[in-house]
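Undergrad: Chains as they are written, first to last, in this note's numbering: chain A, 15 to 129; chain B, 18 to 131.
Treat the hints loosely; a few may be bogus.
Partial list, derived from the structure: chain A residues whose beta carbon lies under 7 angstroms from chain B [what the hints assert, rightly or not]: (1) 56; (2) 104; (3) 120; (4) 122.
Just so you know, these hints were derived from the structure itself, not from any lab.
C-beta: ideal position from N, C-alpha, C; glycine also.
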Amino acid sequence: NAGVTQTPKFRVLKTGQSMTLLCAQDMNHEYMYWYRQDPGMGLRLIHYSVGEGTTAKGEVPDGYNVSRLKKQNFLLGLESAAPSQTSVYFCASSYRPGTGIDTQYFGPGTRLTVL
Amino acid sequence: GDSVTQMEGPVTLSEEAFLTINCTYTATGYPSLFWYVQYPGEGLQLLLKATKADDKGSNKGFEATYRKETTSFHLEKGSVQVSDSAVYFCALSERDNYGQNFVFGPGTRLSVLP
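Looking at chain B on its own, in the form it has when it is part of the complex:
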């Protein structure tokens, strides 16, 4: 079945550092790929998405490029802020026999120190 693998956390960075959170996936077809963010005490919010190979999703300074050849969707930000401290989930969505299948990675906790 489909699956999503993320780098283990927690990740601790200083403010203005460069961020990369790795995400790889396995899927039978051509899924859409997502990054969701969860701030403390809140639900998940869509951060960015990409629906086909070589698409780049971007939002709030975060970027991720859909790499079909390496089945990856790594999240990057050039200069993190304390307010970026949260848990980040990589996810995919694909049609299957039952409708729409959403699969989430385990999440990566990011802590940004001032």
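If we strip away everything but chain A, and leave its shape as in the complex, we get:
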């Protein structure tokens, strides 16, 4: 099991450029999440998905879009990057609620800098 993987690990963008971050998990988890981590602010939820083909907004969704076309993949898109989106992005996954297993498993993170 690779667990949760993220690509790329590092990226530098210019303001206005677009990019997609890929998250993949091989644990057959129903739920997947995208967070951003900024100094002194902990983790903030951007978007999440409760299953293939479904997505929902989290705490800070503006400027981001997501897609969950396959159960194992969760993509985070930035259509027009802004310096305020400079952050470390973490993907996580978990089992469906009601299974009695509610732990989140995290990827290693993507460090994004927008100039």
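Based on the hints, put chain B in the right spot on chain A.
TA: Chain B in isolation, oriented as in the chain A frame:
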């Protein structure tokens, strides 16, 4: 809404010192409680968890007890090592109308000096 509060860091200790990192929460129901650890340059890893009142989670010498009466889940370790230097996050998980809600505290940075 649900929230998690942690003691402000950074916390700096000498090796073999006793560690306590305070965590309190607010929730509408009966959440599960977690401590995650983040080592430099890595993602978060589950350290321990507790799913109901009076449960004690433990791992790698760390312990935390789910105290419903004080809505707390304080992390403790009797003798810290340099390798414990990391950022520690308290978190809760609770069912809500949209599925499963995970809420993280802001994190507490621990530095252990030899």
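Undergrad: Decide, hint by hint, whether the structure agrees.
TA: Taking the hints in turn, this is what the structure says about them:
{"no.": "1", "hint": "56", "result": "4 angstroms, holds"}
{"no.": "2", "hint": "104", "result": "6 angstroms, holds"}
{"no.": "3", "hint": "120", "result": "4 angstroms, holds"}
{"no.": "4", "hint": "122", "result": "5 angstroms, holds"}
Figure legend: structure checked against the earlier numbered hints; every hint is met.
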